[in-house]
Amino acid sequence: MASEFTFPSLDWLQAVREVFNTTDMYRGAGSGRCDCVVGLKIEGAVFIVEFEGFGCTGVRQANEAELENVDFYLDMPYELWKSMLENISANNHAIGEFTLNTLDLGMEQGIAHSKHEDQYRQDLFVRYNQTMQFFFDASHRISTTFEEIVAS
Amino acid sequence: MADSQTGTKSAGDSRPMDIPEPKFNWMNQSRQWGTRVTPDKKGLTLDKTNVGIYGEVPQRWGDQGRNPRGAIPVKGALPIGYSVTQKTELWADCAAELYEEAIQRRWAPATDVPWSSIQPLPNDVEVAICQVCTEILQYANIDIEVLTNWQHRMSYGYHEVKQFLATASLDAARRYEAFRKRALINGGGLGLEPTGQANRFLLESRGGWTETVAGLALIRTLFVATVCEYLYKHSYNDAERVVYSFVIQDLARLLTYGVEHLKFSLAHDDERRGSVITMIAIGLGMFARDLRDPVLREALAIVFGGGISGARNEGMSIYYDLIEDFRERHLAMRRWLDLPADAATMPRAFRPRDQN
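Heads up: the protein sequence lines correspond to chains A and B, in order. Sequential numbering of the first sequence, starting at 1, is according to my numbering. Sequential numbering of the second sequence, starting at 1, is according to my numbering.
Same shape as in the complex, but just chain A (with noise of 0.2 angstroms):
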């Protein structure tokens, strides 16, 4: 971990993309093939993280109109996601109330959205679950600092 990664940023989401794509047991059991593009929505940021076949292609910085065309995407107040990296850290994977499946259940609207209607497309989030927590679990290999952020 020889450099850090300030959390939400792009360097930081590509130094995630590199452990996960790296690492085998991100495609071990329970995970595997993953087509989908993934919106994240981390206070006034948006990122798209996209995955194909067995890996993540690509990570970028994009904005809010763009959401319109991920298949999904997760958002949570800014405090939710810190807690939620610092607990991955801590454990080298997410466990208890941080795990994606629980942080869906325990939030009113769920934190995955979309904003096409197509519930096809919504499903993908629990179909490639897994694959997403792998994805998060993978930065517990990384330095994450916190960008300072007061919730809106």
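By construction, these hints were calculated from the structure, which means they are not laboratory data. Possibly wrong hints are sitting among the right ones.
To be verified - Here are the simulated lysine-lysine pairs, DSS-like style, with alpha carbons at most 30 angstroms apart:
id : chain 1 : residue 1 : chain 2 : residue 2
1  : A       : Lys41     : A       : Lys82
2  : A       : Lys41     : B       : Lys41
3  : B       : Lys162    : B       : Lys75
4  : B       : Lys75     : B       : Lys23
5  : A       : Lys115    : B       : Lys263
6  : B       : Lys48     : B       : Lys162
7  : A       : Lys82     : A       : Lys115
8  : B       : Lys41     : B       : Lys162
9  : B       : Lys42     : A       : Lys41
10 : B       : Lys263    : B       : Lys48
11 : B       : Lys87     : B       : Lys42
12 : A       : Lys41     : A       : Lys115
13 : A       : Lys115    : B       : Lys42
14 : A       : Lys115    : B       : Lys41
15 : B       : Lys263    : B       : Lys162
As the list claims (entries may be wrong) - A few chain A positions that, by computed beta-carbon distances, are all more than 10 angstroms from chain B:
id : residue
16 : Ser3
17 : Phe5
18 : Ser9
19 : Asp11
20 : Thr22
21 : Asp24
22 : Ile42
23 : Glu43
24 : Gln61
25 : Met76
26 : Leu80
27 : Lys82
28 : Ser83
29 : Asn87
30 : Met107
31 : His113
To be verified - Computed footprint of chain A on chain B; a stretch qualifies when at least three of its residues, placed anywhere within it, have a C-beta under 8 angstroms from a C-beta of chain A:
id : region
32 : 102-108
33 : 220-230
34 : 327-340
Idealized CB from N, CA, C, for every residue including glycine.
With chain A's structure known, arrange chain B on it following the hints.
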């Protein structure tokens, strides 16, 4: 020496055997020779083989034999009697993709679940978990039977669907295995067999595969997936978390097939709409009767509440949250399918708590 009576040949005998001259006249018979399918970064997936005539999926498959799509059929073969022969009766565009996904996202309960993470639990919690496992593995048994009971009635022209449903059967078998192992690993055992009105409803559904899918996907599969999500949130060890999270993904594929098939069928066959609505209403009624039996409700409440004392208030409250989540997801799918989606028309067991 050759045995003149049997035609066999001994070692060292150089005389030619009395075998028919090969004609090779079966060669050069193909409906489309020269086909070259190409793999891409996902590998050579099933949908990539749908090129030329091999990708022609007919609206009706009239061949009553086992002829693989694209092959030259046997002449004079006796009809087998497939009853699901129309594309509208089983098709979903995503079937090939779901088949590949099921193969590639496979897992093995024997080795991929950290069973050693399970530690002794309070007796009431262990009893409750074992009862929940008993119910879910019984559901899995029914799923296998329902799926396989229909598979052999489906024409070979729609191999994508038949192959996907084969993986769905395996998923159900794995679900049975995983929950049975969880029930038997920690000093407990299997509990009571569930009452099973909904099981009979699914098993005895003979009207059509589409109607059966409405009950199997929108009711049974969605309910078990919702239960597994709540169990995941209230799991007691890593082994349970792995089982529940992997099962949720498996069930999501069957749910996706179900919803996409219903979408396709309803869009192409106006006659289906009424029977699908009726099937859902009957299915929910049967399922509501099952839920009147307190066993699953109380067992889940104990698991969610951390024991009998926690089950009375917190655990039972979480159980009703689960039922409300199931209802909302069920209604969302009906809206997506452009089917009536009024919670007030659902059986009392699924209505909002303040309307009961």
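Checklist entry - Holds or violated: are the alpha carbons of Lys115(A) and Lys41(B) at most 30 angstroms from each other? => result holds, 29 angstroms
Item to check | Restraint check for Lys162(B) with Lys75(B), where alpha carbons must lie at most 30 angstroms apart | outcome: This hinted pair holds, its Cα atoms lying about 24 angstroms apart.
Item to check | Distance rule for Ile42(A), whose beta carbon must clear each one in chain B by more than 10 angstroms | outcome: holds, 23 angstroms
Checklist entry - Is the nearest CB of chain B more than 10 angstroms from the CB of Lys82(A)? => result holds, 21 angstroms
Checklist entry - Is the nearest Cβ of chain B still more than 10 angstroms from the Cβ of Phe5(A)? => result holds, 27 angstroms
Checklist entry - Should the label of Leu80(A) as a non-interface residue stand, given a Cβ cut-off of 10 angstroms to chain B? => result holds, 15 angstroms
Checklist entry - Lys82(A) and Lys115(A): Cα distance at most 30 angstroms? => result Distance ~25 angstroms between Lys82(A) and Lys115(A) Cα, so the pair holds.
Checklist entry - Was Ser83(A) rightly flagged as not at the interface, with every chain B Cβ beyond 10 angstroms? => result About 16 angstroms separates Ser83(A) from the closest Cβ of chain B, which puts it past 10 angstroms; holds.
Next on the checklist: Just to make sure I understand the rule, a stretch counts as covered if three or more of its residues have a C-beta closer than 8 angstroms to a C-beta of the chain. Does the region 102-108 of chain B meet that for chain A?
Outcome noted: holds (count 5)
Checklist entry - Closest CB-CB distance from Ser3(A) to chain B, is it above 10 angstroms? => result Check passes; 29 angstroms lies beyond 10 angstroms.
Checklist entry - In terms of Cβ atoms, is chain B entirely out of 10 angstroms range of Thr22(A)? => result holds, 16 angstroms
Checklist entry - Is it the case that Glu43(A) keeps its Cβ farther than 10 angstroms from each residue Cβ in chain B? => result holds, 26 angstroms
Of the numbered hints given earlier, the model fails none.
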